[in-house]
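Work the whole structure out from these sequences, hints included.
In the order they appear, the protein sequences are chains C and F. Numbering of the first sequence is given in this note's numbering, commencing with residue 1 and proceeding in unit increments. Numbering of the second sequence is given in this note's numbering, commencing with residue 1 and proceeding in unit increments.
Simulated from the structure, these hints should not be mistaken for laboratory data. Treat the hints loosely; a few may be bogus.
[What the hints assert, rightly or not] Chain C residues, not near chain F, derived (Cβ > 10 Å throughout):
# : residue
1 : 140
2 : 145
3 : 163
4 : 166
5 : 224
[Stated by the list, open to error] As a list, the in silico SDA-like pairs of lysine to any residue whose alpha-carbon atoms are at most 20 Å apart:
#  : chain 1 : residue 1 : chain 2 : residue 2
6  : C       : 239       : F       : 25
7  : C       : 236       : F       : 79
8  : F       : 158       : F       : 1
9  : F       : 158       : C       : 224
10 : C       : 238       : F       : 109
11 : F       : 175       : F       : 198
12 : C       : 238       : F       : 263
13 : C       : 236       : F       : 114
14 : F       : 72        : C       : 233
15 : F       : 124       : F       : 72
16 : C       : 65        : F       : 134
17 : F       : 72        : C       : 96
18 : F       : 79        : C       : 65
Small disclaimer: the values here were computed from a predicted structure and weren't measured. Here a beta-carbon is modelled for each residue, glycine too, at the ideal position from N, C-alpha and C.
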Amino acid sequence: MLKDVSFGQYYPVDSFVHRMDPRLKLVFLIAYIVAIFLAKNFYGLGACLLVLVLAVAFSRVPVRKVLRSMKGILFLVVFTAVINLFFYRGEEILFSWKFITISKEGIIFSIFLVLRLFLLVMCSSLLTYTTTPVALTDGLESLLTPLKWIKFPVHELALIMSIALRFIPILMDETERIMNAQKARGANFESGGLIKRAKAIIPVLIPLLLSAFRRAEELGDAMDARCYMGSKNRTKYKKLKFGWRDLIGFLLVAALITGVVLLRVYLGATI
Amino acid sequence: MKAIEFRAVDFSYDNGGFAIKKLNFSVEEGEFVAVLGHNGSGKSTLARLCNGLLEADGGEIEIFSMPVSEKKNLYEIRKNVGIVFQNPDNQTVASIVEDDIAFGAENIGLSREEIGERISFALKAVGMEEFRHSTCTRLSGGQKQRIAIAGVLAIRPKIMILDESTAMLDPRGRKEVMDVVTRLNKEEGITVLLITHFMEEALRADRAVVMNRGEIVMQGTPQSIFARHEELETYNLSLPRIGYICNRLRDGGIPVHDTLDEEQLAEEIAQCVLRQSI
Chain C
1 MLKDVSFGQY YPVDSFVHRM DPRLKLVFLI AYIVAIFLAK NFYGLGACLL
51 VLVLAVAFSR VPVRKVLRSM KGILFLVVFT AVINLFFYRG EEILFSWKFI
101 TISKEGIIFS IFLVLRLFLL VMCSSLLTYT TTPVALTDGL ESLLTPLKWI
151 KFPVHELALI MSIALRFIPI LMDETERIMN AQKARGANFE SGGLIKRAKA
201 IIPVLIPLLL SAFRRAEELG DAMDARCYMG SKNRTKYKKL KFGWRDLIGF
251 LLVAALITGV VLLRVYLGAT I
Chain F
1 MKAIEFRAVD FSYDNGGFAI KKLNFSVEEG EFVAVLGHNG SGKSTLARLC
51 NGLLEADGGE IEIFSMPVSE KKNLYEIRKN VGIVFQNPDN QTVASIVEDD
101 IAFGAENIGL SREEIGERIS FALKAVGMEE FRHSTCTRLS GGQKQRIAIA
151 GVLAIRPKIM ILDESTAMLD PRGRKEVMDV VTRLNKEEGI TVLLITHFME
201 EALRADRAVV MNRGEIVMQG TPQSIFARHE ELETYNLSLP RIGYICNRLR
251 DGGIPVHDTL DEEQLAEEIA QCVLRQSI
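This is the structure in structure tokens:
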């Protein structure tokens, strides 16, 4: 079950999207999310979907893998959709029972919401599939450089993030191991009410936390031993460079935002 | 020249009890020294004292005549002393092999081209060139530990300390790592301090040192130490099976020499058998 959370996992192939500049990919992601929320009708979302399909196609990441990133938040998506379906106050009521009403607008809104969340998660996970954590944090560090002026520890923050990303799969494995060990001793994580289940998690969390601290200490020693002295006097092996791929990406994202806005102006808003 | 020198070094952890007591110990440049000891014998403390991760309470530690106690030497000393730790997962900083090896080289402020060259050199030295762009988590234990060695090598240290670096590996991974270390010592002339509780590994060293309760209790060539197996047992160290086979053979009247080398033993037995059949 824990293996399904594929967030933060790099998929190592060489592709158009992989070779794009991580800084721009980050900017594109933000622009894309803006586009998703600017889209107020299905044509706009369709345009967003088209761009996503293009991006996935050129990333050479298997579609199945990208889709799998949805699994982790499936419950959240279904939950919000259902809540909105039942409680959205629309004009055209199709069904009504006690405090639950289902309206035409509610249905449309729910579908919209699901599609938006779907696109949002897909494009975010595509970013982590095609960008190594180091490139990602390098990109972020570079984008946040202006903050160094106000003495904000940009380098340290970027390093913290890349280490956090690196340890996700390791801690996942560890959680699974501890859970199995507890199961072998008769722990039960699957049955009982919410409170009982939450209580069953505590014997997993404590060893996990302890081991995380131990790992942190060892990693700190290993970093010290490898001459880490903070950002002072430090060089970077990977230099970020803009290329023609980034220009194409830029044009595509710019076209998307313009398209979404135009579609909204000329075809009206559905929600 | 002495690569590592300890003079009357004392160290104790905060929770009391001496981890190291009045320790005198030195390693020559280019030497391969194995430090053997049971858990809690102070052998890992020794490694951490060498590059200032731990500070000695008393005595003097010098790396190439630079005192570790002086803060201004620390950076230079850490460039010269690389440590490979026990758990490979807890010493890789980056997710991609190449990025992780670059970490140390970036820290000492090398140029881009130089770092690239050092990554190639380090990967070649541990025989893992084809894994340059792989994800660390997908490698086997032995491979991960070889990457950790490469990460240390990229700084080009003169001394390499392996602090129980093979303890978490399977026999195959252990052999991979030990082969790399032996080659680095013989071909690159790197001084190696191997801290371990696997007796077989110590056999590759020029000199073996046995520690017990923070003190050095035995010292000599690995063979001479293994010959004193009864004494070893009092320090909770036991010979590998082949050592016992030698002893049993001798007790049974077959005159073989003390060895941990299987082929040599096989040869000696074969000769005995030949002599008796004539």
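Hints, one by one, checked against the model:
Even its closest Cβ contact with chain F, about 15 Å, leaves residue 140 (chain C) beyond 10 Å, as expected for a residue assigned away from the interface. Interface exclusion of residue 145 (chain C) from chain F stands, the closest Cβ pair being 17 Å apart, more than 10 Å. Look at residue 163 (chain C): its CB is around 7 Å from the nearest CB on chain F, not clear of 10 Å, so calling it non-interface is violated. Interface exclusion of residue 166 (chain C) from chain F breaks down, the closest Cβ pair being 5 Å apart, not more than 10 Å.
Against chain F, the non-interface label of residue 224 (chain C) is violated: not every CB pair exceeds 10 Å, the least being about 6 Å. Restraint check for residue 239 (chain C) and residue 25 (chain F): not satisfied, since their Cα atoms lie roughly 45 Å apart, outside the 20 Å limit. Restraint check for residue 236 (chain C) and residue 79 (chain F): the C-alpha separation of about 18 Å stays at or below 20 Å, so the hint holds. Taking the CA atoms of residue 158 (chain F) and residue 1 (chain F), the gap is about 12 Å. The hint holds against a cut of 20 Å.
For the suggested pair residue 158 (chain F) and residue 224 (chain C), the alpha carbons sit about 17 Å apart, so the restraint of at most 20 Å is met. Proximity of residue 238 (chain C) to residue 109 (chain F) is assessed by CA-CA distance (about 13 Å); at most 20 Å being required, the pair is judged to hold. Between residue 175 (chain F) and residue 198 (chain F) the alpha-carbon distance is near 12 Å, which keeps this suggested pair within the 20 Å criterion. Distance hint between residue 238 (chain C) and residue 263 (chain F) is unfulfilled; the C-alpha atoms sit about 49 Å from each other, more than 20 Å.
Proximity of residue 236 (chain C) to residue 114 (chain F) is assessed by CA-CA distance (about 11 Å); at most 20 Å being required, the pair is judged to hold. Between the alpha carbons of residue 72 (chain F) and residue 233 (chain C) the distance comes to roughly 15 Å, so the proposed pair stays at or under 20 Å and holds. Of the supplied pair hints, the one linking residue 124 (chain F) and residue 72 (chain F) is violated, its CA atoms being roughly 33 Å apart against a limit of 20 Å. Restraint check for residue 65 (chain C) and residue 134 (chain F): satisfied, since their Cα atoms lie roughly 18 Å apart, inside the 20 Å limit.
Taken as a hint, the residue 72 (chain F) and residue 96 (chain C) pair is broken in the structure, with Cα atoms around 78 Å apart against an allowance of 20 Å. Restraint check for residue 79 (chain F) and residue 65 (chain C): the C-alpha separation of about 42 Å exceeds 20 Å, so the hint is violated.
When the structure is compared with the earlier hints, violations turn up for hints 3, 4, 5, 6, 12, 15, 17, 18 and for no others.
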